[in-house]
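Protein chains in written order, with full-length UniProt numbering: chain A, 1 to 562; chain B, 1 to 562.
Just so you know, these hints were derived from the structure itself, not from any lab. Just to be clear, a hint being listed does not mean it is correct.
Any copy will do: because identical chains look the same in the list, a pair fits if it lies in one copy or spans two.
To be verified - Computed list of lysine-lysine pairs in DSS-like fashion (alpha-carbon distance at most 27 Å, straight line): (1) 8 to 236; (2) 8 to 255; (3) 347 to 53; (4) 90 to 8; (5) 20 to 41; (6) 53 to 475.
Protein chains: 2
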Amino acid sequence: MGTNIQVKSDIEIARDSKMKPIVDIAASIGLDADDIELFGKYKAKLSSEALAKLKTKESGKVVLVTAINPTPAGEGKSTVTVGLADALNKLGKKTMIAMREPSLGPTMGIKGGATGGGFAQVLPMEDINLHFTGDLHAITTANNALAALIDNHLQQGNKLNIDQRRIVWKRALDLNDRALRKVIVGLGGPMQGVPREDGFDITVASEIMAVLCLASDLKDLKLRLSKMVVAYNYDKQPVTVGDLGIEGALTLLLKEAVKPNLVQTIEHTPALIHGGPFANIAHGCNSVIATEAASKLADFVVTEAGFGADLGAEKFLNIKARTAGIDPSAVVIVATIRALKMHGGMKKTELVNEDVKALRDGFTNLKKHVETIASFGLPYVVAINRFITDTELETNTLKEMCEDAGIPVALTEVWEKGGDGGVELAERLLDVIEKSENTFAHLYDLSDSLEDKIKTIATQVYGADGVEFSPKAKKQLVDFDGFGWGLLPVCMAKTQYSLSDDPQKLGRPSGFTITVRELKPSVGAGFIVALTGEVMTMPGLPKLPAALNMDVDEEGNAVGLF
Amino acid sequence: MGTNIQVKSDIEIARDSKMKPIVDIAASIGLDADDIELFGKYKAKLSSEALAKLKTKESGKVVLVTAINPTPAGEGKSTVTVGLADALNKLGKKTMIAMREPSLGPTMGIKGGATGGGFAQVLPMEDINLHFTGDLHAITTANNALAALIDNHLQQGNKLNIDQRRIVWKRALDLNDRALRKVIVGLGGPMQGVPREDGFDITVASEIMAVLCLASDLKDLKLRLSKMVVAYNYDKQPVTVGDLGIEGALTLLLKEAVKPNLVQTIEHTPALIHGGPFANIAHGCNSVIATEAASKLADFVVTEAGFGADLGAEKFLNIKARTAGIDPSAVVIVATIRALKMHGGMKKTELVNEDVKALRDGFTNLKKHVETIASFGLPYVVAINRFITDTELETNTLKEMCEDAGIPVALTEVWEKGGDGGVELAERLLDVIEKSENTFAHLYDLSDSLEDKIKTIATQVYGADGVEFSPKAKKQLVDFDGFGWGLLPVCMAKTQYSLSDDPQKLGRPSGFTITVRELKPSVGAGFIVALTGEVMTMPGLPKLPAALNMDVDEEGNAVGLF
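Full structure from sequences and hints, please.
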């Protein structure tokens, strides 16, 4: 989200843009009226028939957009994703976007959407940021239907011998609601269920979101749902959805949500927006189904992953790409001078001041992420997302530092100029794809132990000296092996603000260890979450929530949404 | 839901039916592509522009379908509603349906949809019974956003001085989940909210559902939302959504849900399916917006109300019709011989046996509802919804009893024959509309006291000797007058199974009084709920939930849904 010469707000730019009917966008990628299911004039889902047809087609090139560790200064990863795709289309490359769909929850709390910004946005942004096509509502419903069926199982005799103190399946709402983090349910006597401790996560933290995003089709979705661990029995053995016999019902609730959503950018680039799991306790990427479909429909797919390269890209490459058999062609690493200056020690309030020293110090953060991407054997380009406050000296310094280190770099001005502002980046990207060697390989093998997988990520991606496991985590490593989960990849839940597990350590920290507090199985999604520190899975609302300024105007348009 | 010669199940009949594209259905009532917003090929919402245009058009005739007190034998009110509309179209009368949309929640629990049955169904029934166009999800979200904002208000300093023990706004999910009836939220320490007792209702019991169904447009929706009482402060004064300043945000979340949904029957009669509030703690009718729109688009609208005439029709006539300025043209009262035999004392297992005496005894229930409708000054027809087990003697007896009492009556076989099975009823209906006097008047004036309104309903509609008020209710009558709520209509929450407040008393009980235990303000919806006995607002799941049999087949079709 940029703060460039902001003559118009994002929502004003969005509203002044003329969308094409989504049937025309579909036609531009070879889809006819029967291949899509309309949601109004400007949104559609791809039909199951269309998805099945695509499976046999050849795949285009997949480009991943990632970033440095996020700071309050903003990086604009989604904006660059959108602008880069627009630019590639301008250069005659048939390009699509695959992106995450935003959670409605935070909208009520803090202003800000997840559909890009300025002239690099996906539309219709109001709809996408509100109920969209109902995918998140379907996931919420499936999540809570499962919870209700678990509690009903306890109530109706508990055949599976579930230990009510060891139910790990939580309820979910697509809202920020701190009062639901820790609750007691089942109060009121024998007819009102079995009293027990429980809690609510925000919907995007539900394992069902991760499952939906890693499933290859409806059949695979059902298989993954059946494997989800919901509790342990009194013999401390895992109890799954399959044990409860309700994977069919959950699949039924998700049969429409599993179809990717087609929309367009301001410049009419087709975009599939689908799924949006957390990037800490989950893998933070849009659905495999969307990325795959986009890669069949276009020659280039620009997609993104959550947070910085230490979290989002690492998981995209080690989890999603492995699961889906995706061979990425290149990675774009987004940085801003403002954010690098914060990594170099500046406060947010001081960022308007030129500070080449801070920039040089903060460059180490970018450098580390570049090294990480290189260690995957992938071509890459650094995208410097320009802000109005960047001075010429700063811009030149950053470019020089990149060039001195042999890092391909391009300036982008997509917020202000849309695709035109991304042409330099697009050209540089095409260049590295053509000329650089691509020896993509995952950083660890699935046959490595869970402990080794975690150590590999901590040392190679974060730059840690090593990993400490809490007594609980140590016990879990043994238990999980026993349950047959040792061959799953690892999903690290770590603060996004630092390469370390301490959010205060910006730049490129060294001489630290990572502490794994606890493990959490996401067997349906197909990974083991390693929790370092506390991870908030249900956000709260601020003192003055954005809801206070929201309204609908006479014509039924959103007011105060962004 | 009939159990006639059931060669095919409802879902099989539905699936074998060939729907017309919804654009064609829209065209048949004069709506073009810009007047509707498509949800796939067979569902659409009317656009705000279309709704605004309709406001100035002349209204067609509104026919209300109601029933005797429901029994486990089944009456088939929705089925008759659909079949009657099909029949009227067959007779050359341009007719539409306005119906409630089903709640997804119970679907997971007990088989059975709410879209009619046999050859008198609205389609696509799978979609309508699952997520449909997301209206209920939007209501759930708005309900829980409000709850989160209330708890956040407590957390952030509680400027409004809300008494946390007197928060009356509950959370909601569109699920059957008894473990959520009584909960404690806000546990975990000072950062996790303020601990307090809370509970979840099923979404259709949320006041927001009633508000959406009584609002005349988006502006009125916002006004009603702002009036909703969510808590009392430490001075025991009501705190409203308007006091919190978030009616705009809630309206924003509901701006699409407020548009009615267009679908079709098996015989292509256009149907608006929109909103579905509880018929006990709310008024049990589809939205005013849908009924009004249908009456502008067609010459006849067939609509229904929940439960029997003592609840649904009374509320349709005293609350909805008054609020919306609807002058109904006639009422159809649905009865079955099976159900009347149960009202006459037979057990469900014995119903296959001919029993004219039980039928005669049970007829008293029908007779009372006929008298009630007559007391509103409305023309009416009794519809005998035929079942395969009805004997000729029983059928003739019931017809004779009606004729002897001067009650217009018609047989219907719409489950088996669709519109053809409803022609006799349609003809009889047109006849009474043409020939009978219509002196429609509400049973009470809004200027009557709340106490008198309740007494009028209890004595005139239920046949009670009088009303007793609990000490709590007595105090509330005084308080509510003080809050300025005395001029609102009354919404009775009473068992649907009996005319009395004792579900065991079938037929036409006499010599009873009604006990009002408690009052509940629904000031946004615009009525005061009078609770008699316990009303369940969050259902539970049965021992073997329907979810266990649900699945999706290879083509992505629902399995085990009905």
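Hints versus structure:
Taking the shortest alpha-carbon separations for residue 8 and residue 236, neither the intra-copy value of 58 Å nor the inter-copy value of 46 Å comes in at or below 27 Å. Taking the shortest Cα distances, residue 8 and residue 255 sit within 27 Å of each other only across copies (25 Å), while inside one copy they are farther apart (39 Å). In this homomeric assembly, residue 347 and residue 53 never come within 27 Å of each other (Cα to Cα): the closest approach is 52 Å inside a single copy and 55 Å across copies. With identical chains, the CA atoms of residue 90 and residue 8 are at most 27 Å apart within one copy only, with a shortest distance of 24 Å there and 56 Å across copies.
In this assembly of identical chains, the alpha carbons of residue 20 and residue 41 lie at most 27 Å apart whether taken from the same copy (9 Å) or from different copies (19 Å). In this assembly of identical chains, the alpha carbons of residue 53 and residue 475 never lie at most 27 Å apart, being 47 Å within a copy and 68 Å across copies at closest.
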